[in-house]
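These protein sequence lines map, in sequence, to chains S and Z.
All the letters of the first sequence, read from the start, carry residue numbers 1 to 74 under this note's numbering.
All the letters of the second sequence, read from the start, carry residue numbers 1001 to 1205 under this note's numbering.
If you are wondering where the hints come from, they were derived from the structure by calculation, not from laboratory data.
Computed from a predicted model, the values in this text were never measured in an experiment.
A hint or two may mislead.
[Stated by the list, open to error] Once the Cα atoms are required to be at most 25 Å apart in a straight line, the calculated BS3-like pairs of lysine-lysine come out as:
#	chain 1	residue 1	chain 2	residue 2
1	S	K26	Z	K1012
2	S	K55	Z	K1104
3	Z	K1058	S	K29
4	S	K53	Z	K1012
5	S	K29	Z	K1012
6	S	K50	Z	K1058
7	Z	K1104	S	K53
8	Z	K1152	Z	K1104
9	Z	K1058	S	K55
10	S	K55	Z	K1109
11	S	K26	Z	K1104
[To be verified] Incomplete in silico selection of chain Z near chain S, CB under 7 Å:
#	residue
12	D1016
13	Y1026
14	E1037
15	S1117
16	P1121
[What the hints assert, rightly or not] Derived coverage of chain Z by chain S (criterion: at least 3 residues anywhere in the stretch with Cβ under 8 Å from a Cβ of chain S; other residues may be distant):
#	region
17	1002-1011
18	1078-1088
19	1136-1145
Backbone N, C-alpha and C fix where the C-beta goes; we use that ideal spot for every residue, glycine too.
Next come the chains, spelled out residue by residue.
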Amino acid sequence: MNSVGEGCTDLKREYDQCFNRWFADKFLKGDRSGDPCTEMFKKYQSCVQKAIKEKDIPIDGVEFMRPNKEKPGS
Amino acid sequence: MVKYFFSEADIKSSWDHVFSAFWQRYPNPFSTHVLTEDVVFRMVTVDQQLITRRLLTKTNRLPRWAERFFPSTLSRCAFILEDSIVDPVNKSFTTYTWNLNHTKLMSVKERCIFQESVAHPSWTQLQREAWISSDVFGFSRAIQEFGLARFKSNQVKAMRGLEYALTNLYGDVHQRPPRPAMRETKEAQKHLTPATAPQKPRQYV
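Kindly generate the complete structure, drawing on both the sequences and the hints.
This is the structure we're talking about:
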């Protein structure tokens, strides 16, 4: 699957692979030995957050599980 | 006015398979309308729950009658946020999904709760609710009906996509057509006036 940031797709896929392995083998089994994907996640996020800003995607300040009120121009 | 939709279904895979497959269901043959998928926030809470926010972009397909009246929306794809909480202790996965743009035209909010099935512990039960509304004067009923029809169609695709991922990952087999595999034990829809609109889901952070 592609990232919204065209240059971020490789970083995303690398992170996803790490996460999926950790999620199934560790997290769901209650293993709290820590997250091996932190560095990969940082690299991926730094790329994708930049792309989100550049494309003006309005995710800033949206509270967890709480849709915003309508924004102008929506 | 808000249209409310409710359905319950059983997925014939174990909860841990379903939870893992959830993250890996894109792309699949039923998701051609999903253009991009990104995790934009993720953390494990002190009580070992996984909180995630994903941003999806999707094509914004309108019926022809709507295209005539809302041409400007054609050029912009839809931005969707999906917030979720995985609780591995209680074996539950709750997602809340909504569109960020085109909200005046139509707002769709969906809450899904995946849980280990009580009746069949090797299965997973899914409860899905949606709230669909439109603010456009003179069109809102037609848009809500369209929205509900599209939501139902997308719900079937979402389920097929998840089952596709489950089969690829684990070889789990799900009964296929002529009857839909997803057994809809209950489906209900109704109009809601703003006064009876449901409570917002609990805020966790």
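Within 25 Å, alpha carbon to alpha carbon, are K55 of chain S and K1104 of chain Z? 21 Å, holds
Is the hinted pair K1058 of chain Z and K55 of chain S satisfied, with a Cα-Cα distance of at most 25 Å? 15 Å, holds
Is K1104 of chain Z close enough to K53 of chain S, meaning Cα to Cα at most 25 Å? Satisfied, since the Cα-Cα distance of roughly 23 Å is no more than 25 Å.
For the pair we were handed, K1152 of chain Z and K1104 of chain Z, check the Cα-Cα distance against 25 Å. 21 Å, holds
Within the assertion that chain S covers the region 1002-1011 of chain Z, do at least three residues meet a Cβ-to-Cβ distance smaller than 8 Å? Violated - the region 1002-1011 of chain Z has 0 residues with a Cβ nearer than 8 Å to chain S, which falls short of three.
Within the assertion that chain S covers the region 1078-1088 of chain Z, do at least three residues meet a Cβ-to-Cβ distance smaller than 8 Å? holds (count 5)
K26 of chain S and K1012 of chain Z: Cα distance at most 25 Å? 23 Å, holds
Has the given pair, K1058 of chain Z with K29 of chain S, been kept, meaning a C-alpha gap of at most 25 Å? 33 Å, violated
Given coverage of the region 1136-1145 of chain Z by chain S, tested with a Cβ cutoff of 8 Å and a minimum of 3 residues: violated (count 0)
Return the status of the interface hint for E1037 of chain Z: holds when the least beta-carbon distance to chain S is below 7 Å, violated otherwise. 5 Å, holds
Per-residue hint verdict: D1016 of chain Z, partner chain S, C-beta under 7 Å: Hint on D1016 of chain Z: holds, closest Cβ of chain S at ~5 Å, below 7 Å.
Against the 25 Å threshold, does the CA-CA distance of K55 of chain S and K1109 of chain Z hold or violate the hint? 23 Å, holds
Comparing the model with each earlier hint shows violations of hints 3, 4, 11, 15, 16, 17, 19; every other hint is respected.
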